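K.L.:
Modelling step: build the complete structure from the supplied sequences, incorporating the hints.
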Amino acid sequence: MERYVFSAEGLAIGYDRATKREKRLYEGLHFGLRRGTLTCLIGPNGAGKSTLLRTLSGSQPLLSGKLMLEGRPLESYSRTELSRTLGLVLTDRTHAGGLRVREVIALGRYPHSGFFGRLSAQDLQIVEQALSMAGVSHKADSYMAELSDGERQKVMIAKALAQECPVVVLDEPTAFLDVSSRIEVMNLLHDLARGGRTILLSTHDIEQALMLADRLWLLSPSRGMVCGTTEDMVFRGEIGRFFDSEAIAFDPVRGKFLLRSRPQWRVRLDAEGALRYWTENLLTRNGFGVSLEENCRCRIRVRAADNLEFSDTETAHMELFDSFEALERCLREISGRKE
Amino acid sequence: MRREHSAILFFTLLCIGVFVLFLANLFWGSVTIPVEKVVRILLGGSSGRETWDYIVLQSRLPQSMTAVMAGAALAVSGLMLQTVFNNPLAGPSILGINAGASLGVAIVMLLLGGSVGGSFTGTPLGGYVAIVVGAFLGAALVLAVIIFFSTLVRSNVMLLIIGLMVGYITSSLISLLNFFATAEGVFSYTMWGMGDFSGVSMEQMPCFGTLIMLGLIISLLLVKPMNALLLGERYAENLGVRVRRVRVWMLAATGLMTAVTTAFCGPISFIGLAVPHMARLLLGSSNHTILLPVTLLLGGAVSLFCNLCCTLPGGASILPLNVITPVLGVPVILYVIVNQKRIQYFN
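Those sequence lines, one after another, are chains X and P.
Residue numbering for the first sequence follows the numbering used here, beginning at 49 and increasing consecutively.
Residue numbering for the second sequence follows the numbering used here, beginning at 2 and increasing consecutively.
Any given hint could turn out to be false.
Straight-line Cα separation of at most 25 Å, DMTMM-like style, residue types lysine to aspartate or glutamate; simulated pairs [stated by the list, open to error]:
hint, chain 1, residue 1, chain 2, residue 2
1, P, Lys-342, X, Asp-189
2, P, Lys-225, X, Glu-194
3, P, Lys-342, X, Glu-123
4, P, Lys-225, X, Asp-140
5, P, Lys-342, X, Asp-197
6, X, Lys-71, X, Glu-123
7, P, Lys-225, X, Glu-129
8, P, Lys-342, X, Asp-226
9, P, Lys-225, X, Asp-171
10, X, Lys-71, P, Glu-234
11, P, Lys-225, X, Asp-226
12, P, Lys-225, X, Glu-212
13, P, Lys-225, X, Glu-176
On the chain P side, residues computed to face chain X include the following (Cβ under 8 Å) [stated by the list, open to error]:
hint, residue
14, Thr-13
15, Leu-14
16, Pro-207
17, Leu-231
18, Gly-233
19, Arg-235
20, Glu-238
21, Asn-239
22, Gly-241
23, Arg-243
24, Arg-245
25, Arg-246
26, Ser-286
27, Asn-288
28, Asn-340
29, Gln-341
No wet-lab data here; the hints were simulated from the structure.
Being a predicted model, the structure only gives us computed values, none of them experimental.
Virtual Cβ for every residue (Gly too), placed ideally from N, Cα, C.
P.N.:
Take a look at the structure:
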């Protein structure tokens, strides 16, 4: 089997092919979607993530170049062949509120069933498997209208599973979801990838992507598409280059974006683990930086969340706080006074 | 499992209901004929009175058959329009398809002097065939306009308003035609416009029946892709549905059925809009595999019931159909609109 499910060479994507209004978003894209991985497509709004996914899923023609799916040109696929190879999950509003969950997932058998859509015993079994894999078995008899957004998204993933496609493409599956559903959906996708399916999704949730994606595709108008394994992308500085601006910077240690701050004051910090992390958080927010120098004038020692000690070596003044709130009040006073 | 049983039970009850209402339409009418005489006439005998034989065989029987088929056709048309436009408030009358068919009929009746009934026999264009063709062309024209706008306007409500606007334009044209038409022409057009299942004679029945059956069979064959369309165009496409082709077939069947019923029975309101809702509410499902057959039967039952209501009240005169259908349809639609937050298929 080939290593790549999708491979593109010199691919151009955009709108209105071969007309006067033809608009090319990208030219000469070169990438491959590795089999059995969870790949996250990341990019700013309007970068053309959806256009790329629509081109890959065959809903929109490519403008030029070569795009191979499972070693064959995408255009050579018939509609049924494509629907058995690539399953799609979108954020589009559906009108299936009056269908039950099991009926919606059974629609995934559409490309496999006959003219009237009668399901065989085997089809029904596949539907049940999809239900339990996506963790929505307990909702099988509920109406779609009764589900939460997260459950609905899981049902659509189960539909794609019932399609029995080796590749599942998802366009922002976690948009509009609350935090816990977001994590559940991403974990589900991660498990599916571990089970051998190839998953490609676009997302705005960079922290989740960094945590669970095997590979990242970064797409932006200025830099085109950059692909690689998540950790390589972090250490090559690709993530930083991709998103950094005047205002924010990527922190490779914490794997997240921070407000760029130019600390006006520095303190020495004695703290470990979570206490150190959150104290730094508090300091940064209030315009203080952590100094590594031994002879720094101010010093904060945190032994517990209710035992925070602030000392000024010059005046030998020392104060003890029982909460971060109290410490913050003190820091504000210092910074306010100096201004 | 239990749900499937209840669906089958429901289906059986509905079949019985249609049958009973059909018989009621044969036994009941503005002329009182004793039950045993009607039975004898239906079994091929004679009641002894020629007028009774004529009334049962040449008036009540074709009228009941027309009611069943027209009701089924309108209800299924409504359901398909609601599915294809993803809009639960779509229907042949709301989207102006009825009005388009009416315009075609008006042109034939008022400009060319054709007629459905026998009163204008010897018309240059061969009577009812011209009217059916006119209605179909009118309905097709409006459908084309609606499809064109549906590609420009994404909002469902806006599309309904466009349908209403198209309806207004066609009625303005119809008014113009009426203004210049002869008194008899205006009278026969007005009578036709009130709706009536008695417009199909036994001689015309094979033509009417074949066209309606054709439309219904096409719709029944489209059940599988219709379910996929509930997920929206892109999902359906990904499941292998040829969305464009399915749409064209659905709209062609809708246009055919609406045009044929409108040509013969007049622009009947509300059956197409309300019956699919009644079917969904009763079934608790928008799965077309069961919803479409149930809508079909329920449409037949409802229009038989309406036809019965036309003759019931005074006994002496027969009310126009469009007096009855809104009284039945409007409460259903109001109920659906008021309760849309609680009704599953809206969400």
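K.L.:
A separate judgement is required for each hint: does it hold in the structure or not?
P.N.:
Consistency of the hints with the structure:
no.: 1; hint: P:Lys-342 x X:Asp-189; result: holds, 20 Å
no.: 2; hint: P:Lys-225 x X:Glu-194; result: holds, 24 Å
no.: 3; hint: P:Lys-342 x X:Glu-123; result: violated, 43 Å
no.: 4; hint: P:Lys-225 x X:Asp-140; result: holds, 21 Å
no.: 5; hint: P:Lys-342 x X:Asp-197; result: holds, 16 Å
no.: 6; hint: X:Lys-71 x X:Glu-123; result: holds, 20 Å
no.: 7; hint: P:Lys-225 x X:Glu-129; result: holds, 18 Å
no.: 8; hint: P:Lys-342 x X:Asp-226; result: holds, 22 Å
no.: 9; hint: P:Lys-225 x X:Asp-171; result: holds, 15 Å
no.: 10; hint: X:Lys-71 x P:Glu-234; result: holds, 23 Å
no.: 11; hint: P:Lys-225 x X:Asp-226; result: violated, 34 Å
no.: 12; hint: P:Lys-225 x X:Glu-212; result: holds, 19 Å
no.: 13; hint: P:Lys-225 x X:Glu-176; result: holds, 20 Å
no.: 14; hint: Thr-13; result: violated, 21 Å
no.: 15; hint: Leu-14; result: violated, 21 Å
no.: 16; hint: Pro-207; result: violated, 28 Å
no.: 17; hint: Leu-231; result: holds, 4 Å
no.: 18; hint: Gly-233; result: holds, 5 Å
no.: 19; hint: Arg-235; result: holds, 6 Å
no.: 20; hint: Glu-238; result: holds, 6 Å
no.: 21; hint: Asn-239; result: holds, 4 Å
no.: 22; hint: Gly-241; result: holds, 4 Å
no.: 23; hint: Arg-243; result: holds, 7 Å
no.: 24; hint: Arg-245; result: violated, 11 Å
no.: 25; hint: Arg-246; result: violated, 10 Å
no.: 26; hint: Ser-286; result: holds, 6 Å
no.: 27; hint: Asn-288; result: holds, 6 Å
no.: 28; hint: Asn-340; result: violated, 13 Å
no.: 29; hint: Gln-341; result: violated, 10 Å
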